[in-house]
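Chemist: Hey, can you work out the whole structure from these sequences and the hints?
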Amino acid sequence: MISCYHLNIPHPRRDGALLDDVSFELEQGSWADITGESGCGKSVLFELLSLRLLTREGTLIVGGRNLDRLPRRKLESLRRRIGACAQKPSLLEDRTVLENLLLPLVARGETRRAAQQVEVVIEALELGALRNMPLEALTESERRVVAIGRACVGTPAMILIDGGVEGLDPAWKKRARSYLRKLHLEGSTVILFSREAVGPMTGRGVELRLEDGRVEPTERSLHAPAPEHIGVRR
Amino acid sequence: MIRPASHALRERPYETAAVVLLLSLALVVPGVMLLLGARAHAHALGWLSAYEPVIYLSTELGDKRDDTAQALRSEVEAWSMVESARVRAPAQALEELRAKLGAERVQQLGLSEAMMPTSVILSPVVPLHGHIELAANVSGLEARDEVSAVDVPSADALRLMEAARSAISVALVIAIVMALVAAILLAAFLRRIRQLESHETELLEMFGASRGALRRPTMLRGAFLGVLSGVLATTTLLVTQLALARWATTLTGVDAGATWTWFIVILPVVLSPALGVLVGRLVAQGEGSRARSKSLPGTRPALVFGRSRFAPAR
Numbered sequence: 010m011i012s013c014y015h016l017n018i019p020h021p022r023r024d025g026a027l028l029d030d031v032s033f034e035l036e037q038g039s040w041a042d043i044t045g046e047s048g049c050g051k052s053v054l055f056e057l058l059s060l061r062l063l064t065r066e067g068t069l070i071v072g073g074r075n076l077d078r079l080p081r082r083k084l085e086s087l088r089r090r091i092g093a094c095a096q097k098p099s100l101l102e103d104r105t106v107l108e109n110l111l112l113p114l115v116a117r118g119e120t121r122r123a124a125q126q127v128e129v130v131i132e133a134l135e136l137g138a139l140r141n142m143p144l145e146a147l148t149e150s151e152r153r154v155v156a157i158g159r160a161c162v163g164t165p166a167m168i169l170i171d172g173g174v175e176g177l178d179p180a181w182k183k184r185a186r187s188y189l190r191k192l193h194l195e196g197s198t199v200i201l202f203s204r205e206a207v208g209p210m211t212g213r214g215v216e217l218r219l220e221d222g223r224v225e226p227t228e229r230s231l232h233a234p235a236p237e238h239i240g241v242r243r
Numbered sequence: 127m128i129r130p131a132s133h134a135l136r137e138r139p140y141e142t143a144a145v146v147l148l149l150s151l152a153l154v155v156p157g158v159m160l161l162l163g164a165r166a167h168a169h170a171l172g173w174l175s176a177y178e179p180v181i182y183l184s185t186e187l188g189d190k191r192d193d194t195a196q197a198l199r200s201e202v203e204a205w206s207m208v209e210s211a212r213v214r215a216p217a218q219a220l221e222e223l224r225a226k227l228g229a230e231r232v233q234q235l236g237l238s239e240a241m242m243p244t245s246v247i248l249s250p251v252v253p254l255h256g257h258i259e260l261a262a263n264v265s266g267l268e269a270r271d272e273v274s275a276v277d278v279p280s281a282d283a284l285r286l287m288e289a290a291r292s293a294i295s296v297a298l299v300i301a302i303v304m305a306l307v308a309a310i311l312l313a314a315f316l317r318r319i320r321q322l323e324s325h326e327t328e329l330l331e332m333f334g335a336s337r338g339a340l341r342r343p344t345m346l347r348g349a350f351l352g353v354l355s356g357v358l359a360t361t362t363l364l365v366t367q368l369a370l371a372r373w374a375t376t377l378t379g380v381d382a383g384a385t386w387t388w389f390i391v392i393l394p395v396v397l398s399p400a401l402g403v404l405v406g407r408l409v410a411q412g413e414g415s416r417a418r419s420k421s422l423p424g425t426r427p428a429l430v431f432g433r434s435r436f437a438p439a440r
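Quick note, the sequences are listed as chains H and V, same order.
Per this note's numbering, residue 10 is the first one in the first sequence, and the count goes up by one each step.
Per this note's numbering, residue 127 is the first one in the second sequence, and the count goes up by one each step.
Among the hints, a few may not be true.
Restraint-style ranges between C-beta atoms, simulated for each label pair [as the list claims (entries may be wrong)]:
#1 Gly412/V x Ser86/H: 22 to 28 Å
#2 Arg122/H x Phe389/V: 45 to 51 Å
#3 Arg129/V x Asp178/H: 29 to 35 Å
Worth flagging that the hints you see were computed from the coordinates, not collected in a lab.
All values derive from a computational prediction rather than experimental measurement.
Virtual Cβ for every residue (Gly too), placed ideally from N, Cα, C.
Modeler: Rendered as structure tokens:
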């Protein structure tokens, strides 16, 4: 699903790099926890993998497509297979939860069964009571759950959550984690960018630890229980 | 967009109505001027082609009236630009007047055969509007004692044609200026709506919406405003056209036809939506190009409408 080779991104304001020769591979259907302290480069990696940025140095292959040579139209079509939630998610404040959840399906042109697909997410995350509330009326934790739900709507092939499920109220955290694990079992590739690993329900997960822009091998990633799903290049 | 493209217009009914009115005004003003010019030109042309120069003999000629008329007929018939000439007796003149105005009206006016002059009517070789020399010669006859008046419609008609041509030229210039003003106004309105929903556009792009899909709502709004203003302008021009056709025929006595002027009436309903779509596309494209230029060092921007959180502020 994802292959990165020698990704290098300089820091815009100080010496050093946001990403320093980062290489790794993740296969379709895998679960990955990309962990690291604040400022280690998780968010920029999230932006690259969610196709919001394209790298100039290094090679990034997503869904079998080399992004270096991908025309814009193909990039759009690849983006339709990805559900992403940023650390500070951008939501439509004056719109309802329902409208925010519909957004990815509108973007993908999947408006026929949109209501049903949104209902699945609402049910799984127990957002029924908030369905018709505008986003500006929700708490931080509720807003983040809506953003995670938005990333999951339509069961995309790859789900990227920057910030993971950290900072959520315990009840929301449990529901979000369990829904992400369910989607992983259904075949979606789930990548969480957080300080600590969450891990999948089964033993098919992997942890990649980022330190100062470099991928450091961890016990879990080097001895991943399902080696066909992961490879770390050093 | 999550909501239909027309939703943003429905949310701003007064602004939408003002834009539609101003757009239709920009179409109606030059349209009416063009119609007036075109109609006047067509009628002047019809007038020149339909009318023949007439020389009215003095009623004071008495018994010599018929002989003088025949002599004058022979004289003018010898002119190279005259195909034929005929003498119209007073009785015949009254009959023609009755046919034109109706017997009742002639009777009301108290007109009789004795009041009608003897006249010589010329048939030019080619339509009169090509014969300035003939018009000049006929006008010169007015200086003779036996001639009381001449009717050469060409002079007035030529003046009318010239005025109509000028009016058409001015209307075309005004049409271009007003189309530009209308396009700028429409672009400003569409850009304002687009800026208000730029956040939604960015999010849709992040989830894979195509550039065409992101541009479509603005283009649809442009088309919608164009259709509304086009229909309004065409309706106004239709009423003007019907009124002009009626008045012009009554005034000149010539049914000029001028079928092609219907093109001016229909034009707004075709041109206005096309202008709306074009302006909408340019607005959407402009927004995209502005967003494209900046990114984090070592990276390239992947989004056209949105931007990465690592991109420098715009």
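Chemist: Indicate, hint by hint, whether the structure satisfies it.
Modeler: Now for the hints, and whether the structure bears them out:
For Gly412/V and Ser86/H, the hinted distance range of 22 to 28 Å is satisfied, since their beta carbons lie about 25 Å from each other. A beta carbon spacing of about 48 Å between Arg122/H and Phe389/V agrees with the range 45 to 51 Å that was offered as a hint. As the Cβ distance of Arg129/V to Asp178/H is approximately 31 Å, the hint placing it in 29 to 35 Å holds.
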